[in-house]
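There are 2 protein chains.
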Amino acid sequence: MESSGRSFILKGHICYTPEIGRLVIRENAFVVCEDGVCRGVFEEIPERYAGLKIIDCTDRLILPGMVDLHIHAPQYPFSGTGMDFGLLEWLDKITFPEEIRYANAEYATKAYRIFAQALKRGATTRAVIFGTIHTDSTLILEELMEKSGLVTYVGKVGMDRDVPPGLLEKSADFSAEETRRFIEETAKRGYRRTKPIITPRFIPCCSENMMRLLGQIRKEYDLPVQSHLSESPEEVELVREIAPEAAFYGDGYDRFGLFGRDSHTVMAHCVWSTPEEVKRIKENGVWIAHCPASNINLASGIAPIRRYIEKKMRVGLGTDVAGGHSDSMFRAVTDAIQVSKLYWRHVDQEAKALTFPESLYLATKGGGEFFGKVGSFEDGFEFDALVLDDSGIPCARELSVQDRLERAFYLGMDRMGIMMKFADGEQII
Amino acid sequence: MESSGRSFILKGHICYTPEIGRLVIRENAFVVCEDGVCRGVFEEIPERYAGLKIIDCTDRLILPGMVDLHIHAPQYPFSGTGMDFGLLEWLDKITFPEEIRYANAEYATKAYRIFAQALKRGATTRAVIFGTIHTDSTLILEELMEKSGLVTYVGKVGMDRDVPPGLLEKSADFSAEETRRFIEETAKRGYRRTKPIITPRFIPCCSENMMRLLGQIRKEYDLPVQSHLSESPEEVELVREIAPEAAFYGDGYDRFGLFGRDSHTVMAHCVWSTPEEVKRIKENGVWIAHCPASNINLASGIAPIRRYIEKKMRVGLGTDVAGGHSDSMFRAVTDAIQVSKLYWRHVDQEAKALTFPESLYLATKGGGEFFGKVGSFEDGFEFDALVLDDSGIPCARELSVQDRLERAFYLGMDRMGIMMKFADGEQII
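Residue numbers (the numbering used here), protein chains in the order written: chain A, 2 to 430; chain B, 2 to 430.
If we strip away everything but chain A, and leave its shape as in the complex, we get (with noise of 0.2 angstroms):
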């Protein structure tokens, strides 16, 4: 067998999480992509990949690359300011301000080139983007995701209702005609990384009628869907209140085709469904795009995910820029955990607080499963890794590997610590 780009061996410390809670650490194993599909991890290697090309980071730290399941590219800009808001100030006062600006190419060229190079260089892999509603913006924002070596879902999206007049879409008709247009226009440019979305923003922001729209084109398109749902209480109420033909929040995407069965739908948040919901989204096979920082943040509250894990629901992480402040999804890995243990300790004492391993499953596998077989090491993968150098914070005892991961995550070591990243085989660092 020949060595190509896409075909290597990694040596090292192999960390991945096959199932929930279950970390497997092979200490200075060996690690087989193949065409860009992982073949497993081995003591030895075997005669059949004898002669692929080692890479040999002997003692370094490999794990399965980030899978971000929401992430807004538009808010970028303001992350990390702006944070002593609720969510529906937040969003008056500072989220669409800002996304109005994107109606100027140039801008959003400036604005997503950043955006582009910050996610290239952190640990994730593959993510699930908001764009705005302008469609040649998030073409540009496509074609940046494209030679970032990332692999995403890029969505242009439709806001029909009650929103400034600069990203109001001036009918249920033009945002369907817009999205049309966007899903033609990155076919054409036959990206092998970079897909559309479906995008509607949230109930409140998006007519029936554009609801309806963006239904008929996902199923004519066979597309997945990505939206919001029961972030805020406030934010429920208000649904409940303009959208009263609804059984409940979930049901206001259900009723229009937007809500998993036959698509891949991911919907961030969930930190207030009701059991109705809940019922629902487990039905349907819809993700939960758990976003620890940014529920903190606009002190929407802690969404139950040990309630979601135990009645094995889809779960991933989001970082949710900028509502979440930071891209980091290593950060997003421990706050899901640190969140776990308050709802834990202030909300519900038969929800046990996350682990580590079982936050790393989310981050990788869980929401990996959104784009197919991805987030772990196992035969058939398609393999997404980091290789993390993490002897830039001195220690003067001896650390296990499995405290070495532990403590990459906690001190932020993806924002130095990444010697090596490769998603879908190739290798973008």
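Check each hint, because a few of them may be wrong.
Mimicking DSS-like on lysine-lysine, the simulated pairs with C-alpha atoms at most 25 angstroms apart in a straight line are [stated by the list, open to error]: (1) Lys54(B) / Lys94(B); (2) Lys171(B) / Lys148(B); (3) Lys374(A) / Lys312(A); (4) Lys54(B) / Lys353(A); (5) Lys283(B) / Lys312(B); (6) Lys283(B) / Lys94(A).
Please keep in mind that the hints were generated in silico from the structure rather than gathered at the bench. A quick note: this is a predicted structure, and the numbers were derived from the prediction, not measured.
Assemble chain B onto chain A, guided by the hints.
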């Protein structure tokens, strides 16, 4: 007037909080340091300071140094590991076994050197530090802290019951003698920046006899006190069982003169203080070291800091390494805001979330008062300052100075962005 090492003028965006919640920003203004003492902030340099050297940091952020009111030096080696345990289990499995190692002066030297180096590089200019029971190792810690340039209180810990053999002082008398030796040896060394502090670990590890002796030593040498208070419900319950003579947890210190009144006393946590205890804390003028990261990681809960602020109690922030996983006080500032939002949402909707200017105050002037006139750029304050270069994280849009300041904290720019740092008028970085 002549320039000297401790007399100079910094030019840049001067940011500080003279009162809680009031953030003053003076853009490209001058802050004067004369013989280590701040002489205030000026638009133009006053005639009387015309001879002083000007350090031009135009367009950089200048803010008071951070005051860490609670940090365990010996726990630094396991920062960010073992985070899946609760308080009492974590003490037994992680913390005590590590602290036992400091019987060995060689290990202590190695570990404390890394600790001192980390604090020197970070945003902290003042700290109140726990050592271990080991007098000689804690003297090594003091020496390294003195060399670091930070201004600190360092405590040899007292523990004479219910701990593993390697951490058990053989009697209350022995603990008292060693405390006395620690104090006298420190005095001989004539440090400028490093002072001893009386440090009973917490009531479950301290006999009444030891507490009584430490109370006498405190009085004799007129020293401040540090300890832990009402951290988790399980610990509060334990104290109730083992110290029934105390009216409440804090009374267990107060009975022996180790709880404010005529001493500066700082108590870490106060998450679960009863109304009686809160009243006594306030009456006695005890400082509360709010350690949000630790309270999350050990699932202790969220301290009702808004309530303490409303009662005009003395509150500062602590990192509580390694219950807190990071020595970053910038992180402590944003953690304090974040947990207050969850407290508002899930525990008490009358307790408004902390704002960024409020939390910044806690980390500077709030905790600084434990050291005297520290933590502000008002006339007469000891001069601690940070100069931040926040250009490392590019941004597509113009940010106001206040947004830049907030962003620097949320994005953790204390890790890479500190250009200069001054403590008590001396430049450390």
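Checked hints:
no.: 1; hint: Lys54(B) / Lys94(B); result: violated, 53 angstroms
no.: 2; hint: Lys171(B) / Lys148(B); result: violated, 32 angstroms
no.: 3; hint: Lys374(A) / Lys312(A); result: holds, 21 angstroms
no.: 4; hint: Lys54(B) / Lys353(A); result: violated, 58 angstroms
no.: 5; hint: Lys283(B) / Lys312(B); result: holds, 8 angstroms
no.: 6; hint: Lys283(B) / Lys94(A); result: violated, 39 angstroms
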